[in-house]
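Based on the hints, put chain C in the right spot on chain U.
Number of protein chains: 2
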Amino acid sequence: MTDEPNRKRRAGGRAGNKLRAGTSAIDQMPWRIPVNPDRPTEPLDMDGVMKVHRGAMRILREIGIEFLNPEAVAILKQAGCKVDGTNVRMDEDFVMEMLGHAPETFTITPRNPEREIIMGGKHMVFVNVSSPPNAWDLERGKRSGDFTSFKEFMKLTQYFNCIHVAGGYPVEPIDIHPAVRHLDCLYEKLTLTDKVVHAYSLGAERVEDVMEMTRLAGGLTHDEFDARPRMYTNINSVSPLKHDYPMLDGAMRLARRGQPVIVTPFTLAGAMAPVTMAGAVALSLAEGLAAIALLQYINPGCPVAIGTFTSNVDMKSGAPAFGTPEYMRATQMTGQLARFYKLPMRSSGVCAANVPDGQAMWETSNSLWAAVQSGTNMVYHAAGWLEGGLIASPEKFIMDCEVLQMIQRYFEEATFATTDDDIAFDAIKEVGPGGHYFGCQHTQDRYTTAFYAPFVSDWRNYEAWNLDGAVWTPERAHRLFKQIMDEFEAPPMNGDHQQALTEFVAKRKQEGGAPTDF
Amino acid sequence: MTDEPNRKRRAGGRAGNKLRAGTSAIDQMPWRIPVNPDRPTEPLDMDGVMKVHRGAMRILREIGIEFLNPEAVAILKQAGCKVDGTNVRMDEDFVMEMLGHAPETFTITPRNPEREIIMGGKHMVFVNVSSPPNAWDLERGKRSGDFTSFKEFMKLTQYFNCIHVAGGYPVEPIDIHPAVRHLDCLYEKLTLTDKVVHAYSLGAERVEDVMEMTRLAGGLTHDEFDARPRMYTNINSVSPLKHDYPMLDGAMRLARRGQPVIVTPFTLAGAMAPVTMAGAVALSLAEGLAAIALLQYINPGCPVAIGTFTSNVDMKSGAPAFGTPEYMRATQMTGQLARFYKLPMRSSGVCAANVPDGQAMWETSNSLWAAVQSGTNMVYHAAGWLEGGLIASPEKFIMDCEVLQMIQRYFEEATFATTDDDIAFDAIKEVGPGGHYFGCQHTQDRYTTAFYAPFVSDWRNYEAWNLDGAVWTPERAHRLFKQIMDEFEAPPMNGDHQQALTEFVAKRKQEGGAPTDF
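Chains as they are written, first to last, in the numbering used here: chain U, 25 to 542; chain C, 25 to 542.
Bound conformation, chain U alone:
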């Protein structure tokens, strides 16, 4: 928040768009890693922070966490934790010592180093929707995820500069056999996009394959791969109080090679967590910190982040709810604790709505503003999520990207700069009473970059909008989706690297891929 914004870096408007390469369906903002300048919204005072912290520590000390992975249990026993079968109890000193090793900030560098992301500090990156089993769009309705839809979402992920990470599968392509699904999916991810990719921790072979494919796609030696974060995984606990075998296995594999692990308990208050939000947050933190402590013991200083997925259920039906007031406060509270532990944080852009309508957008807006308010560093499911994560929608993806771009613009200092040029006394004097500012030099010098320029919002008046067909937002988004699919060009890729990737996939398919009995 210095006083002299570098106007050349202003990029909210149309002029900034000249910087982007590529297609013309929309005029979008150039790639950047957004920096959140706001002081976080903090519902808890320091006493409240300490109460949640002590709650989490007491859970770890007196109740313990089930680690359903014998290797993890053995390691934690060696570390001095109290072990009883799969139950592991750890004390605050151990946890805090381990957390002290974790870096506050790290980078992840994909095959295109220009798409490197920063995790931590005031940085904030956006991830595509991940893991819905189904797709929905205005033309085809709801259907099971397939490889065609998967590739469409990968193209959207690459197309939008405001999406920084190609996270999990945007839809699960059930037409690809699970044994080789990760091979086909990662091949598409690594060729259709040049952004940071993710490995599901669903068995050793899958994790190892994704690390190897990421290495090959980047043309890296093993040493180069291990030297810095190149991809990441996200693991969820089985709340309450459990970490399962494959998630822990994948997390330990990545930690050993210095690749980042995000630990995100999925705790719905009233179902798998206490009905009270602070309790749900304390439980979520206990679960997350237990896994992070394990990873820091295995490889002190390995990159990790704490995730939050604490929302509530509808107590009438048990249905999960997202983007609720309780969700917002849980996210903000977790942000306070993440800063207390000096860990980067992940949250999400989520909703319960089934279609990309008003409800979808107020719930998603609540989630996204909670991410901003909480100081979240990585926003999962930031574009395309519907039905509590059971549906991915291209229209919703495009609508969400408008909101994400607005958040990026909101972060730009130009929107609140107070230099003499911004206060504009001379222009106010020149225009005087009753005049207008359209024509004055102060406006002429700035109008191309002065304001956020939307791509799916329609700002015309009703008559103009009506004459042009009275098209509601989801239909406008659908049309853009078709245009983007028509125009899409994959990012450039070194032919040798692509060849190596192709050969690896063929070889691993010949070997039968990964076991499917997990």
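Source of the hints: derived by calculation from the structure; they are not laboratory data. Don't take every hint at face value.
Given that identical chains are not distinguished, each listed pair holds provided it fits within a single copy or across any two copies.
What the hints assert, rightly or not - Pairs of lysine-lysine residues, derived as DSS-like cross-links and limited to a Cα-Cα distance of at most 27 angstroms, are as follows: (1) K266 - K453; (2) K146 - K366; (3) K340 - K506; (4) K106 - K266.
All values reported here derive from a predicted model rather than from experimental measurement.
Here is chain C on its own, set in the frame of chain U:
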């Protein structure tokens, strides 16, 4: 933010709803004056605040404001301001001395004292949409405002406990002659609702009639009416740099009788204000503070508030844009300056969208969260606004009320309380690993009030929603609108007061109402 929430005051869920009187179309929250516990989001440091302040003061001192009202000019001349025709320049000492008289907080008491509102501090109240010339709904489409629609919106205004103020006309009823329109409209407002009402400052007769009607509806003596705020007006400047005759006239009439005046310049950056947001805010503040200084000179200590309506235009088309990133920052900056001047603040819940779709809700969410973040005390157009204020829509009204209720719930301490009961260690121990919280006593004791309970959101999964007709949000809102109209019962009113009101309207109509040549 004490540690011990009074659980009896929790009212986010269904149990709270038992408190409300009335109808059954929806389960809504009881009436309350929301209190915003968050520290505001402040993009400016103190240096930035001072730069905007000095910018506003320099405008007032060196450029001056046009007061197109000879009485106001004469008063300001007497006060020592530099007058040149209609141009009035005032120095910082005078302005700050006048602002020093203004109360930081005041109340407005309508005919039902239980609907008293508080303006200032951390209080936040919501006002219905005001002044669109047109109405739109799913059944009737877009049409000019009429008295039927006016009354429908008045019923919605009364029905929803989260709407605290019956502001301006929610649609302009053009089927009522302008000479008597205010008489018919205020009669409906004062009988269909028991909430705080507003007078348009559009000529002496209208203002005086509304004050008199408010007095009669409350059964008050003249002394009782004058003793405290009973209604209010909102005036807009003619930006840039002008205050017109009728607005000033109405404001001065109310100020003399101790009735509140909100001064809200309408400054679209790039059109009637500088293209830079801090400049637009400085201009807006200069205009607003000039009128407030006048009113404080006339009646020191009279209740006033500063309004902000600073957004931007689309530089391609000149169309006004709302709920933009620039709008959010302007609102937050104005909030910082309002606190610097110790004035209550008004902002709005606005959008540019033409129909109640996704765009409408992300723009409105942006506006409403900016209101929260800025510490706004009164949110105009909080429910029902479309097309940049040219359309009022009942579906949008109902959808917005869901968001408003969520904001009210978000403010409740229960969502972030950290007592031992909230941390819930015993419940976490009791449920243990792999169990669930639906049945435990900790949940049973709290589930009826634990979470926000929506009324128009649909949280069912896709299949259940689809089987039930696959109804999108606007259609669900439309159905609720019809139900509410069917069920509506006007609030009770003292028969003598209603009789006095009826007789006054008849008398004033016989006299010809108000002149229409303003």
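Structure-inconsistent hints, enumerated in ascending order: none
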